[in-house]
Amino acid sequence: MNAAFLVFFVVGTIAVASSILVVAMRNPVHSALFLLLTFLCVAILFVVKDAEFVAAVQVLVYAGGIMVLFLFVVMLINVRHLPDDRTLSRFWKGGVGVGLAIFLLLATVVRTGTYHDQNPNKKLLRSTASHRVRKVTNPDGSVTRKRVVRHRTVGNSEAVGMALYQDYLVPFEVASLFLLVAMIGAIVIGKRELSAPEEETSPDFILKRMETEKDVKEAMSA
Amino acid sequence: MTWNDVVFLLPEIIISIGASLLLLAPVVGWRQRETSAKWSMLILLGITALTVIGCSYWVQEIPQSRSLAGMFALDGFAIFFKLIFITAIAMITLLSDDFLRESRYSVWEYYSLLGFALCGMMFMVSGMSLISIYIGLELMSLSSYILAGFFKNEEKSTEAAMKYFVLGAVSSGILLYGISLIYGVCGSLNLLDIGRALSTIITNDALMFGVMLLGAGLCFKMAAVPFHVWTPDVYEGAPTPITAFLSTASKAAAFSIFARIFYLALHDFQLDWSNVLATISALSMVLGNLAAITQDNVKRMLAYSSIAHAGYALLGIISLNSLGLRGVLIYSLVYVFANLGIWATVLMLRRHEYGGERVDDFEGLSRRAPFWAFAMVIFLLSLGGIPPTAGFIGKYFLFAAAIQAGFGWLAILAVLMSAVSMFYYLRLVVAMYLREGREADVAITRPLQIVAATCLIITLLLGIYPTPLINQATESSRWIGARAAIIPHAGR
Amino acid sequence: MNPWMHYLVWPLVKFLVAFIIVQGIVAAMNWVERRLLGFVQARLGPNRVGPKGLLQIIADPVKFLLKEDIVPANAETIAYFLGPILPLIPTFLVYCLIPFGPPPTFVAARVNVAVLLVLALTSTGVYGIILGGWASNNKYSLMGGLRSAAQMVSYEVPFGLSIVGVLMLSGSLDLVKIVNYQADHIWNLFPQLIAAFIFFVAMTAETNRTPFDLPEADSELVGGYHTEYSAMKFAFFMLAEYSAMLVNCCLMTLLFLGGWTLAIGGYGLTTQTLQHMGIPGGMLGVLIFIVKVMTFMLVYIWFRATFPRFRFDQLMDLGWKWMIPLALANIVVTGVVVLLGQSLNFQGEVVLSIAGAAIVGYTLYNLRPRAKVVHASRVSEV
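Residue numbers (my numbering), protein chains in the order written: chain A, 1 to 222; chain B, 1001 to 1492; chain C, 2001 to 2382.
Bear in mind the hints are in silico, worked out from the structure with no lab data behind them. We put the CB at the ideal spot given by N, CA and C, even for glycine. Wrong hints could be hidden among the right ones.
Said to hold, decoys possible - A few chain B residues facing chain A, derived, Cβ under 8 Å:
id, residue
1, Glu1138
2, Ile1146
3, Gly1149
4, Phe1209
5, Val1415
6, Ala1419
Said to hold, decoys possible - Per the computed footprint, the stretches of chain C lying under chain A, defined by three or more beta-carbons under 8 Å from a beta-carbon of chain A, are:
id, stretch
7, 2075–2085
8, 2102–2113
9, 2142–2151
10, 2305–2316
What the hints assert, rightly or not - Just the calculated beta-carbon pair ranges, DEER-fashion:
id, chain 1, residue 1, chain 2, residue 2, range
11, A, Tyr165, B, Ile1053, 53 to 61 Å
12, A, Leu21, C, Val2351, 50 to 58 Å
13, A, Val61, B, Ala1169, 16 to 24 Å
14, A, Leu21, C, Arg2309, 38 to 46 Å
15, C, Leu2298, A, Val110, 51 to 59 Å
16, B, Leu1434, A, Phe103, 24 to 32 Å
17, A, Leu76, B, Ile1013, 22 to 30 Å
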């Protein structure tokens, strides 16, 4: 049993336990905190698999961004405890049954499958040519600048960058469209109807009302 | 990425830029100009359609299989479907016109979202890699979720969007898990590479599970039983033009990727999944048609009918032969136009928020608007697959393909169920022609007339003289057919 | 070397040393801040305990330890306890990643994605404030927590984006490599002037310091998220805040001011030079580093003494409408220049530095005093 396995075992157990607690907690803030713990554990698992870039991004995006917004919403709604009436309890046995069934299915099917075996070294570390201007110390002691093209194997973040911005450039761009649409959706659902003519906060409406009031005053004084 | 690669994506680039520009229009003070929104959208669609046609000539010299790192292809199949999508979206734009004018929702965002949905569908149908197909599918789905809940002050619309979103998200998760398993086994996301890898793999549990999950995810998107539960509620609650979108363009998009993935990637893996899909197909046809009989709400009835039609379309995918592939193409086109015609007629009946939704609302339509009542009959006959209409050609190809592939029992079931479907289609006809009832209140506007008339012409013309459509379908399916080894000679 | 020593014991020892020193500095900062504020505002500040009031550093913690620890009646107990403690963990963890001097001696853990990890860890600091604010069961605390969440999430974006230009120039996420790059070329402050400015503003906002101290705006929210906290828990909040400030100043120094080096174009005290000098060289590097960091700490305090507080909508406007677009524009410009520099073989840094200098010059030119100065005694004549 090596260290990586030990870490995987311990952290994986914590991750699974805390993800169960996410659903089991009756206080939404506690659920959110356990979800945070799950995210952090998953990040550690990524590190164990030598994917430190993904781990850092996992913490940065999920723990630092998304979970904060979760908590933000929970606080805005200000729910201390979920109501104690167990409206969903008659389904829980079925839910657990289905969950167990799927787990067993996955455990048997996915583990026994044979997978495409790529040479891991070839896949993780790719060679790239980088153009850099380097200082070169000549034999006579003078220092000159020289453009060098280095072929080197790259690490994690470079490999991810290459995949995202070269091989998968177009899907990556489409993903940005996807986010744009999500943003439009949030705004469409969230905003008040500006096109409504009686919108009382619109500048046009206020100006018009001021004019009307002025007219009325003049008429009264006349 | 070279300029040749850009040609493959030029229509998508144009539609995405155009849709973003539509968003900017309210910023420059055009918020109230609803007519401009409609025309901008139509012009944008026109430009996109012309680009698709232009690109189709352009790409003929470029080898398809390795464009954009194997991410996208612009073969005949994709072009055929892209043109269907663009036309359908144009018609939905026309259908939406009056509907939006009465409500106070912002039209520009609406059209922009339709544009992004179209963009997603176009990416999807061009996708040669599971990742590009997935991301296109998600772009389309997300736009649909928002559009379904666009009338946010109406409870039904919000409910529909919520149901659609939650179930759609779950199905996307299932789809992704399937994709990840397939990637794990095959070591590639490219459809052709997967196809090649599969020809060497004899049996693999993980792969089978992956394909199952992939199929389940796709079945959700095309609303096949048992992944259909969302359909009636969403179709009923969504704004009627969006229901039209969901039941035509979105559905055809699901057919298209189903066909592309299974024909290109999984053709050597046929035996394991064809029986499962045959069962799904049979269930969809039986349950969809039987459930539709009992519906009094036209939107729900058409929702169940669309479930049944998903079952028919699956015949073309299961059979995995040239007839089946052409059948999917032909059937998609025929189905889209017949359905759009029906939705146009339903919208004509719409007087208040929910008018034209009940079968009773059709009573007496033959006296108020005899021509459009007749058109409705033609569309219904086309959906039922009765000979003088185009629907017959589509069903003929699908059933013949099934028989050729040895699924005779399924073809017989399909014919039987088509007969059942005529029962509830005729309920509408009876309501229109034979019931006295109250006077149907109609609001026949020019855009609706244009849509209904166009659909009528297409449905009748292709029913009477289908040769050009069949030839085009043969031409369009050549590249995929050659890759799937169901057509002897290689296409370009 | 024994792998256990190499991977566990040495980093731990280094971390502990760094931890103790940094905590000492943090404790001292409180005194420095109060004295400095006193100086700016023409008063004395704490000067009673010990020479020049220096023993205040010890007196304050003792006072906090001895005070009564009050828990509000309806507080959410677990979250109330976690609130002050949770943000300390990531802030302390960051000390492992920060190279205080030339490697390998003065860095506990050298990671090739150090910048990202530091960003990730500092981004979790917000939890303490949110939880504390929420758990106190107090409207003011809740408002403070909410403001803080919105503010920190908003400023996370320009904070991260402003670093991208630096990463593009140095081509690495490793802090040591970034520092070496600056020693070989030029401090990133000059080619990345706008980025440095955005980074500094964003880090001020991230740590809730004036002029962005809305989460604890005392004239509006009593004490904000820490209204209900007393004794050691309150001290933990302060500790976390000052530690975060120090971490940010370290980052600023490493990313924009050449870290422990004092070199330009490869001449001067580069990492290699310092390494050749052995332990004294390393100590010299650490000293240079600390001087740079302290400069920024003093600027922080100077800020506090100078600027009035922003209003909340102004804060959001500044973040979303100015900082983020500016940071994005900086990325585009830097990317284009770096790419052109590589293909046309010129020094992108020089071009960017000149552009930065031009921007500063233009801004200063626009800000020059334009109104005619009139002496007070002649006002009536004008």
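So, going through the hints one by one against the coordinates:
no. : hint                             : result
1   : Glu1138                          : 6 Å, holds
2   : Ile1146                          : 4 Å, holds
3   : Gly1149                          : 7 Å, holds
4   : Phe1209                          : 5 Å, holds
5   : Val1415                          : 37 Å, violated
6   : Ala1419                          : 37 Å, violated
7   : 2075–2085                        : holds (count 4)
8   : 2102–2113                        : holds (count 3)
9   : 2142–2151                        : holds (count 5)
10  : 2305–2316                        : violated (count 0)
11  : A:Tyr165 / B:Ile1053: 53 to 61 Å : 31 Å, violated
12  : A:Leu21 / C:Val2351: 50 to 58 Å  : 55 Å, holds
13  : A:Val61 / B:Ala1169: 16 to 24 Å  : 18 Å, holds
14  : A:Leu21 / C:Arg2309: 38 to 46 Å  : 40 Å, holds
15  : C:Leu2298 / A:Val110: 51 to 59 Å : 58 Å, holds
16  : B:Leu1434 / A:Phe103: 24 to 32 Å : 57 Å, violated
17  : A:Leu76 / B:Ile1013: 22 to 30 Å  : 39 Å, violated
Hint violations for this structure: numbers 5, 6, 10, 11, 16, 17, all remaining hints satisfied.
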